[in-house]
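Novice: Chains as they are written, first to last, in the numbering used here: chain A, 1 to 254; chain B, 1 to 254.
Don't read these hints as lab results, they were simulated from the structure.
Where is the CB? At the ideal position from N, CA and C, for every residue including glycine.
Be a bit skeptical, because a hint or two may be false.
So the derived label-pair ranges between C-beta atoms look like this [to be verified]: (1) A/E220 x B/N182: 27 to 33 Å; (2) B/G234 x A/K205: 21 to 27 Å; (3) A/G45 x B/N184: 56 to 62 Å; (4) A/T198 x B/K166: 24 to 30 Å.
Mimicking BS3-like on lysine-lysine, the simulated pairs with C-alpha atoms at most 25 Å apart in a straight line are [what the hints assert, rightly or not]: (5) B/K153 x A/K153; (6) A/K64 x B/K231; (7) B/K174 x B/K231; (8) A/K153 x B/K87; (9) A/K118 x B/K87; (10) B/K231 x A/K203; (11) B/K199 x A/K199; (12) B/K77 x B/K8; (13) A/K199 x A/K222; (14) A/K153 x A/K77; (15) A/K40 x A/K77; (16) A/K153 x B/K118; (17) A/K16 x B/K87; (18) B/K226 x A/K87.
There are 2 protein chains.
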Amino acid sequence: MISKNKIKLLRSLKIKKYRSNHMRAILEGKRLIEESINNKTNIEGVWFIEDTINLKSNNNLLNKIKKMNIPYDIITKDDFLTISDTKNSQGIIAEVNIEKYKSNALKDIDGSVIVLNKISDPGNLGTIFRTSAWYGIQSIILTSNSIDPFNLKCLRSGVGAHFYFKNIIVADNKEIIKHLENENYEIYCADLQGKDITKISAKEKWALILGSEAHGFDEEFKQFNKITITKASGTESLNVAVACGIILNQLLNK
Amino acid sequence: MISKNKIKLLRSLKIKKYRSNHMRAILEGKRLIEESINNKTNIEGVWFIEDTINLKSNNNLLNKIKKMNIPYDIITKDDFLTISDTKNSQGIIAEVNIEKYKSNALKDIDGSVIVLNKISDPGNLGTIFRTSAWYGIQSIILTSNSIDPFNLKCLRSGVGAHFYFKNIIVADNKEIIKHLENENYEIYCADLQGKDITKISAKEKWALILGSEAHGFDEEFKQFNKITITKASGTESLNVAVACGIILNQLLNK
């Protein structure tokens, strides 16, 4: 049995303001919830409709939920439909505590970092997270004009990567630059024109800045070393998440 | 002035069957149309509403349309709305002839190729096309159980890459394998377990097979060399289009 207040809270988490107020977000769908649990996410509760998981069968996801002592409950389809985005939820949602990940303390960043400057497409942002987690990046910095990484679409395309990181930090351009310079980071901006990434020998600690596909970088970042993925053809564009993967593979396999 | 029959035809192109019957597809939005023209796409006509392009101003896109002698016309907002997906069309659509790209003649493939096995996400498929075009790949092969690459979402995420290729071929698994073997292609399957891509010295002519994120490869492809992008972390997954970019960068920069 789910309370009316809980339903109201979960519904409100579709909106950024309430995610920030409550420091909670919603996960939808089996794969996202399972991958998030694998990354030891702080899940407050899981709700599903009866068709989704047969409580009597030996279900992988349910076993993980039990093992992690996560509270779970079966709810009616009607209640479920009021909370969820029915298309992608597959009859199961979770409430996740995001306090640990939402920080603005640049001093907490660990090792080489990805800096995302006004990325506005949630699918791209989530895919960048997923790619960065694959390569073991521990900290992500977002400039304050980027979208909220805890929106539903971004969480979905991140497939649990959000919860792999030590921190996801939102900060102003100037603060970010000041910190990276003070800490002797080598700063690279991925751009269409710059030094070929295959010719770069990265220092131990670097920051890779990725801008928006549509709008590029903010002025403050244009002073830094530009690096580029040399193209073989006349086509003009590469998806920003694909570019992120190619550059990470280069910087980390030298 | 647009005829009722033309409106009916354009509307029908949202459906795969009619795209195949008429060998036409719809392009929506300024950037997609402009990038497609840059790739010398065979565009039959362009329609836009008056707010979209001011005919009297010096407009880049309009200049390109005129230079390529593409027929264009202003239509009413009401007519426009019956044809287009209003969210992404930005008040402009084009009809494109896809005859040249839809083929099943494997003998026409040129150089190293990407083989896509039952990819079902149109956004991923379009991004793979965009990435392959960046790296100068000339031919794409899709197994017959893949989605139609000329659907709206796939065209949108391809950002004109579709029209860069010499050919996009749809064929059955067995025919594909027979052809690649006869032509002495080195065949690689991207998988979670396999030889590290940084350790591979690719032959001159290779085929890279990418499977669906959710369902992997069809049985017929499992006999081939598996290659993998070595991960640095405990996370389990990489987006298939990102994987495509990383592998292409490795195979082509040796």
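Novice: State for each hint whether it applies.
Specialist: Tested hints:
1. As the Cβ distance of A/E220 to B/N182 is approximately 56 Å, the hint placing it in 27 to 33 Å is violated.
2. Taking the beta carbon of each, B/G234 and A/K205 are about 22 Å apart, inside 21 to 27 Å as hinted.
3. With their beta carbons about 57 Å apart, A/G45 and B/N184 fall inside the hinted range of 56 to 62 Å.
4. Remark: the range hint 24 to 30 Å for A/T198 to B/K166 is upheld by a beta-carbon distance near 26 Å.
5. Annotation: proposed proximity of B/K153 to A/K153 holds, straight-line Cα distance about 16 Å (limit 25 Å).
6. Distance check on the hinted pair: A/K64 and B/K231 sit about 24 Å apart at the alpha-carbon level, within 25 Å; holds.
7. Of the pairs offered as hints, the one joining B/K174 and B/K231 is violated, with about 32 Å between alpha carbons and a cut-off of 25 Å exceeded.
8. With a C-alpha separation of about 17 Å, the suggested pairing of A/K153 with B/K87 holds against the 25 Å cut-off.
9. Between A/K118 and B/K87 the CA atoms are separated by roughly 21 Å; this keeps the pair inside 25 Å, and the hint holds.
10. With a CA separation close to 20 Å, the supplied pair B/K231 and A/K203 stays within the 25 Å bound.
11. Straight-line distance between C-alpha atoms of B/K199 and A/K199 comes to about 18 Å, which keeps the hinted pair within the 25 Å bound.
12. For the suggested pair B/K77 and B/K8, the alpha carbons sit about 16 Å apart, so the restraint of at most 25 Å is met.
13. For the proposed pair A/K199 and A/K222, the alpha carbon gap of about 20 Å is at most 25 Å, so the pair holds.
14. Straight-line distance between C-alpha atoms of A/K153 and A/K77 comes to about 22 Å, which keeps the hinted pair within the 25 Å bound.
15. With a CA separation close to 28 Å, the supplied pair A/K40 and A/K77 exceeds the 25 Å bound.
16. Annotation: proposed proximity of A/K153 to B/K118 holds, straight-line Cα distance about 23 Å (limit 25 Å).
17. At roughly 22 Å between alpha-carbon atoms, A/K16 and B/K87 fall within 25 Å of each other, so this suggested pair holds.
18. This hinted pair does not check out: B/K226 and A/K87 have alpha carbons roughly 34 Å apart, beyond 25 Å.
In this structure, the hints that do not hold are numbers 1, 7, 15, 18, in rising order.
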